[in-house]
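Asks: Based on the sequences and whatever the hints tell you, model everything.
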Amino acid sequence: MSTQAYIALGVFLITYAFIVTEKIHRTIIAMAGAIMMILLGIVGQEKALHHIDFNTLGLLTGMMIIVAITSETGLFKYIAIWSAKKVKGDPLKILLVLGVITALGSAFLDNVTTVLLMVPVTFSITRQLRVNPIPFLITEVIASNIGGTSTLIGDPPNIMLGSAVKELTFMAFINNLTAITFFILFVNIGILAFIYRKELKTSVELKSNLMDLDEKEEITDKALLIKSLIALTLTIFGFFLHQLFHIESATVALAGAFLLLLLTGESYLDKAFGKVEWTTIFFFIGLFVLVSGLIETGVISLLADYSVHLTGGDVTSTSILILWVSAIASAFIDNIPFVATMIPMIKDMGDLGVQNLEPLWWSLSLGACLGGNGTLIGASANVIVAGLAAKEGYNITFGKFLIIAFPLMILSIIICTIYIYLRYLI
Amino acid sequence: MKTEYNYNEQLLEITETVNGDDIEISITLFDSQLKKNLKKVREFFDENDVISDIYFYIHPNNKYQIIVRQDFYNEFFIQLFRQQLLTEIKWV
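These protein sequence lines map, in sequence, to chains W and A. First residue of the first sequence? That's 0 in numbering that gives the first Met the number 0, and the numbers climb one at a time after it. First residue of the second sequence? That's 0 in numbering that gives the first Met the number 0, and the numbers climb one at a time after it.
Hints were generated in silico from the structure; no laboratory data involved. Honestly, I wouldn't trust all of these hints.
Claimed, not checked - Computed list of lysine to aspartate or glutamate pairs in EDC-like fashion (alpha-carbon distance at most 16 Å, straight line):
id, chain 1, residue 1, chain 2, residue 2
1, W, 274, A, 30
2, A, 39, W, 220
3, A, 34, W, 216
4, A, 62, W, 220
5, A, 62, W, 214
6, A, 62, W, 216
7, A, 38, W, 220
8, W, 87, W, 204
9, A, 38, W, 216
10, W, 87, W, 220
Replies: What follows is the structure in C-alpha cells.
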C-alpha cells in the first residue's frame, strides 16, 4: 500500500471510530473526515464532487419534502384510528395492524419519519385503551426496519445500492426483496404478539370508547390531502416505471416533491425545506467523499482482493459472509457508512472474477437493513423511539430491547440465508 | 395554584373527571363554528415536543374527550381561554 493509502485508511478509521462512539454528531465528524481527505491531498475537490452520489441525495430530499407536507394533513392519524376500529379496538389485533401499517409506511417513506408519525398516535390509542405502549413501540421499530428493507426507497442502504448499481431498479427490489421481507415481518410480529399477548388486555367500555372515535375529523386539510395524495401516488407510480423511461429515482422523487409544492403554493416552501433533514444529507456527502479516498488510493481494491482470497471467490460463501457480517455489524454500528464502504468493495469483487454479483447485493441489503433490529442502537428509528418513549416515562432499555429484538434479528437472518441460498445459489 | 373558569353554556359544555394521574375533560360544542378554535388548542399542544401532555379524541356530534396530564392542566385551560372558548379564567 502507498503512503497515500495509509493516510486515507487512517483518516477513514479515525472518522469511523468517532461515528461509532457518537461523542460528536456523526454529520460533523463525517464532513470533517471528508475535508481532511481533500486537505491532505488524497482526493482533489473536483474528484471528490464526482464521488458524491446526487441520486441518493436527490431521492432523500424529494421524499422528505413530500412527507413533510403530507404529514400536515392528519392522514396517518386517520389511517391508525380507522385500522384500530376495523379490529374492534382489540389491543392484540391493533398491535398487529400498527406493525403492518408501520412496515408499509417505511417501505415508501424514511423509517425515522414513519416512526415519528406513528409514535404519537400509538400513545394516543394505548392511552385510550389503558394498555402498556412499550409492546406497540417495539413492534413498530422492528416493523419499520423490516418494511424499509422491502423497497429501493425504504432504507438508506437500499437507496445507495439502487443508485450505485444500475441493475438494482425499483422493480428489481420489489421482485427480489418485498415478498421475503413481508414474510419476515409476519414471522416477527406474530412472535411479538405471542410474547406480549398477556399484557394486551382492556375493558369492553374502553374498546367501545375507541370505536366511537370519528377518524374523519382527524383530516385537518382536505384540499391539502388531495394534493398530497396526487403527488405521492404519481411519485410511487413513477418509481415503478423509472427504469422503463430511463429516469433516475432521484428525478422521480424531486419531480413529485416540486409538483406538490407547485400545487400547494409557496406558503409551504419554507416549512417543507425546514423539515428536510440536512444533517442526514450532509452525513451522506461526508461519507461519499471519505469512501472516495479509499477508492482512489486502492484500499477498497485490496480489501476486495483479500475477501476474494478468503472465500476463494465462491459466490455462496461470499454471499453468506456478506449477509451475516452486514447483519452483525449493522446491529452495533451505523449501516450507512458500512454500506458506503461495501458497495465499491463488491464492485471490485466483480472485477476480480466473482461471476454473479446479484446474490451479494441482496445479501448486503438484507443484512444491513435487518441487522439494525439487533440492538437499540442498530438503527436511527430504534434510537428515536426509545428517546421519545423515555421522555414520556416509558423506558425501553438496551437490555430489554436486546432480549426481544436480537433473537428476532438472528431468526430473520436465518430466513434470509435460506432464501438467498434457495433463490440464487443452487 | 389552580385555575377557575367560566364559559358560555349556550355555546359549549365542559365536564371534568380525575382519572389517576390525568384529568379527563369532555367538551361538547353546541356551535360548530367553535371547532376551529378547539383545533387551534390542539395544534398548540401538537407543536411542542411532549406527546403525553394532552391526548385528543374526537367523537361524533362535536364531542371531544381530552386526557390532560396534571402538569398541563392550567396550560390547557389558558389555551381554551386564549381561543375564546372560555369567558373568564382566574387563579384561585
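Asks: Now look at each hint and say whether the structure bears it out.
Replies: Cross-check of the supplied hints:
1. W:274 / A:30: It is violated: about 36 Å lies between the C-alpha atoms, which goes past 16 Å.
2. A:39 / W:220: Between residue 39 of chain A and residue 220 of chain W the Cα gap is close to 13 Å, so the pair holds against 16 Å.
3. A:34 / W:216: holds (10 Å)
4. A:62 / W:220: Measuring from Cα to Cα gives roughly 20 Å; hence the hint is violated.
5. A:62 / W:214: holds (13 Å)
6. A:62 / W:216: Holds. Residue 62 of chain A to residue 216 of chain W sits at ~11 Å (cutoff 16 Å).
7. A:38 / W:220: holds (12 Å)
8. W:87 / W:204: With Cα atoms ~12 Å apart, residue 87 of chain W and residue 204 of chain W stay inside 16 Å; holds.
9. A:38 / W:216: Given that 16 Å is the threshold and the Cα spacing comes to 10 Å, the pair holds.
10. W:87 / W:220: violated (27 Å)
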